[in-house]
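Just so we're on the same page, our numbering is the position in the sequence shown counted from 1, plus 423.
What the hints contain is simulated information worked out from the structure, not anything from laboratory work.
Just so you know, not all the hints are guaranteed correct.
[Stated by the list, open to error] In silico BS3-like cross-links for lysine-lysine, where the CA-CA straight-line distance does not exceed 27 Å: (1) 474 x 496; (2) 453 x 474; (3) 436 x 505; (4) 490 x 465; (5) 490 x 512; (6) 456 x 556; (7) 436 x 556; (8) 436 x 496; (9) 474 x 457; (10) 490 x 456; (11) 556 x 453; (12) 456 x 436; (13) 465 x 496; (14) 512 x 457; (15) 474 x 490; (16) 512 x 496; (17) 468 x 453; (18) 468 x 457; (19) 468 x 556; (20) 456 x 512; (21) 556 x 474; (22) 474 x 505; (23) 453 x 465; (24) 490 x 505; (25) 556 x 465; (26) 436 x 453.
These numbers were taken from a predicted model, which means no experiment stands behind them.
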Amino acid sequence: MMNFEENQDIIFKLIDMISEDEYVIPLYCKIGKKYIPINEIKDIKDTNISKQTFKVVFGTKYCIFNKNSFPMKEMRNFNMLKIFRVFSKELNTDVLYIVFETGIIDDTEENILYAEMGDSVQMLYEYCESLVKTNRTNLLNQIS
């Protein structure tokens, strides 16, 4: 399991970058049991990937005063990894920074939240899949 406390400052900064028309931001890709930061995916060395073993770790925040707060009733549908509770002096209330993971999302959902996450997961899966295919080809070329 990834230790998210070590990177909490970076996670907070990334989550705070979410624009007003977004709910989540991808933080990591998970291939098998390995978490890869989004900014390091181009360097993956894996030669195997599948939709069953691929997940994306998202970050979001919840605050009663934010219009694009993640809907808490949806949290039960995802694998929660970490919740950080931080007091905001500007808002005079707690803000929850939430880190969770999900795999490929069914495209039949008509929910904007699921559409946003589904698009990100699919795009990142296709990108990682292309890198893995390149790694596999390079490995086969080295063997022959």
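Hints versus structure:
1. 474 x 496: holds (26 Å)
2. 453 x 474: The hint holds at about 11 Å.
3. 436 x 505: Holds, because 16 Å separates the two Cα atoms, which is no more than 27 Å.
4. 490 x 465: violated (34 Å)
5. 490 x 512: Distance ~18 Å between residue 490 and residue 512 Cα, so the pair holds.
6. 456 x 556: The hint holds at about 19 Å.
7. 436 x 556: violated (33 Å)
8. 436 x 496: Given that 27 Å is the threshold and the Cα spacing comes to 24 Å, the pair holds.
9. 474 x 457: holds (15 Å)
10. 490 x 456: violated (34 Å)
11. 556 x 453: It holds: about 17 Å lies between the C-alpha atoms, which stays within 27 Å.
12. 456 x 436: holds (25 Å)
13. 465 x 496: violated (34 Å)
14. 512 x 457: violated (36 Å)
15. 474 x 490: violated (33 Å)
16. 512 x 496: holds (26 Å)
17. 468 x 453: Judged against 27 Å, a Cα distance of about 13 Å means the pair holds.
18. 468 x 457: holds (11 Å)
19. 468 x 556: holds (10 Å)
20. 456 x 512: violated (37 Å)
21. 556 x 474: holds (14 Å)
22. 474 x 505: Holds - the C-alpha atoms of residue 505 and residue 474 are around 23 Å apart, at most 27 Å.
23. 453 x 465: This hinted pair holds, its Cα atoms lying about 14 Å apart.
24. 490 x 505: holds (22 Å)
25. 556 x 465: Within the cut-off at roughly 13 Å; holds.
26. 436 x 453: holds (21 Å)
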